[in-house]
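J.: Single-letter residue listing:
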Amino acid sequence: MVDVAFQSSRTAAAQAGRRRVGLRNALRRKSMSAFLMTLPLILLIAILVIYPAIYSLHLATLNKAMTKFVGFGNFEFLFKRDTFWLVVKQSCIFAISAVIFKALIGFIVAHFVHNVPANKQRKWRGMLLVPWVIPPAMSTLAWLWLFDPSYSAFNYTLSFFGLGPIPWTGDAMWARFSVILVNVWYGAPFFMIMYLAALKSVPEQLYEAAAIDGANWWQRIWYVTLPMMRNIIAITTLFSLIVTFANFDIVRILTAGGPLDHTHIFATWAFRVGIEGSDIPLGASVSLFMVPILAIAAIFILRDITKRGNES
Amino acid sequence: MSMVTIDKSGPTRKVKYGSMSRDRTWALRWSYFFLTLFAVFSLVPPFYMLITSLKGSAEISAATNPWWVYHPTFENYIQLLTSNQFLRFFWNSAWVSIIVVTITMLISVPAAFALARMKFWGSATLATGVFLTYLIPDSLLFIPLFKMFAVFGDWTGIQLVNRWYVLLFIYPTLTVPFCTWIMIGYFASIPKELDEAAIIDGASWFQTLTRIFIPVALPGLIAATIFAFTVSWAQFLYPLVFTTSTDQLVLPVGIITTLIKGDVFNWGQIMTGALLGAAPPLIIYAFLMDYYIAGLTAGATKG
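Sequence lines, in order, name chains A and B.
Note that our numbering has the first sequence beginning at 1, numbered continuously upward.
Note that our numbering has the second sequence beginning at 1001, numbered continuously upward.
These are computed hints drawn from the structure, not numbers from a lab.
Since the structure is predicted, the reported quantities are computational estimates derived from the model, not experimental observations.
Misleading hints may appear alongside valid ones.
Said to hold, decoys possible - The calculated label-pair distances, taken between Cβ atoms and stated as ranges, are:
#1 A:72 - B:1219: 49 to 59 Å
#2 B:1078 - A:76: 54 to 64 Å
#3 B:1036 - A:203: 26 to 36 Å
Said to hold, decoys possible - A few chain B residues that don't get close to chain A, going by computed Cβ distances all over 10 Å:
#4 1071
#5 1072
#6 1099
We put the CB at the ideal spot given by N, CA and C, even for glycine.
Okay, chain A solo, but in the shape it has when bound:
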């Protein structure tokens, strides 16, 4: 009795052990466990990124009620609307000028921070990065209040110099300026941090050699700093171009596209048309116009990254 029971339990244990070994062997096979580890990532990207991207191509070919295939009908409709061309123009103005100013201000501020003695840099860097840390939706509310038509704190201050009142969000040109200003305020710290990291990686000997050769500060920047930082400048600018082009929060909260649709960019107009106007196919078509610019920027970034990968 005892013997039998013992034997049977031993065979069961052996079987279980073999099964466990089999499982363990399968898991030990590198490719199998690696695949299992990346499976959630692959599923997430496939279902919630790639599928919707393709789905939006499909949506863009439907009519408003999403019952009929209209081919390029939505695009033809868009091309005939003045507002669409206004949005294209404003998106380009917004993204390009904001990125240029962010890059310039970031570069200048990074140099100033780099000039300061090392033990004080931390404090300055900490203060200058605050705009980047605050959620943009929250900080844009503060800007909206600073730009308020009747209680604007800026106009109050300007009135002491005999200037203003400036219609910050009421006039088309000023509203365009305001959304760009807020975007520069928000994005410049990112450039500053990236450039500061790049500046620190430039070897000091290069500057010493340049100084011995009699280079002035401008020549030092042009012939030493910029070539050494070229890679990081390119990649930061392209990144920023993508994000600025796709910006939503700042324009939505500050002007909601107004006055008279003059500050709408692709994302805000797609929201207005697609969600608020419940014309989902048209909204999808509008947002698809962002793809070419994003794709070009992405290709250049990727080329840069693979180049850097090969160098190292």
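With chain A's structure known, arrange chain B on it following the hints.
T.: Below, chain B without anything else, positioned relative to chain A:
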């Protein structure tokens, strides 16, 4: 005192040597001057939030000097922190962010480990794909995603639109690619000898990950966690599209849709809400600034 120093610097100006160090001093002074200007520019909006949040509504509408508080009061804070609606937004935001951070880490750390160390068929392509996914902005995907979840609700009867937990499915599309990408970078920088030694000692892949890689790459892990939290806390477009009932809203959308009623702006409360909404990221940043910056520069974050 100042007269003396001016007299002293007078003669040295004519002497040629020593000009280098004087250039340096002036460069330093100009640096401080401009840094102060830029710091003021950076800090005006948060400072103004604070100033306004301490004002009563009477003082705001009196249009006195906007840069100063004459009668500081905490009434805005008390009103918001005792309003169930506002606390609900806060809890929704907190829950969404914490769960999304957990999901993100559970997905991206093993994936990054596999992509960094276990070369398998298509691993290089997948790593590039992850990076490309990170470049796809939210404003491109919100319309198809919204329609997708609506159709999903029609088919299965599981209504996800206008529930706060729909955000748990959507936010990982923003956080996972970036976190995976920077974790690949951190894991790849760990010397190969370390995990080879572990494998020789009989450790499984899972043990190598938990006993070797996670402790060694802890700074990267913290940076990725901070990033995931900040992104989910600050996200505005997706909750604006997916949630509309006031009890399902997260903080940024809640403040904007409930405190702005038509053309009536209750600025004292809006600024208080904005400041409270900005507080968690700011507090994290204040204590973990170095990790924050490491994450920023490691993967070239969005700007």
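J.: All hints are to be evaluated individually against the structure, with a verdict given for each.
T.: Comparing the hints with the structure gives:
Between residue 72 (chain A) and residue 1219 (chain B), the C-beta spacing of about 51 Å keeps the proposed range 49 to 59 Å intact. About 56 Å separates the C-beta atoms of residue 1078 (chain B) and residue 76 (chain A), a value consistent with the hinted range of 54 to 64 Å. The supplied range of 26 to 36 Å is met by residue 1036 (chain B) and residue 203 (chain A), whose beta-carbon atoms lie about 30 Å from each other. No Cβ of chain A approaches the Cβ of residue 1071 (chain B) within 10 Å, the least distance being about 17 Å, so the stated non-interface status holds.
The claim that residue 1072 (chain B) lies off the interface holds: its Cβ sits roughly 17 Å from the closest Cβ of chain A, which is beyond the 10 Å cut-off. Separation of residue 1099 (chain B) from chain A is adequate, the least Cβ-Cβ distance of about 15 Å exceeding the 10 Å criterion.
In terms of the numbered hints stated before, the structure departs from none.
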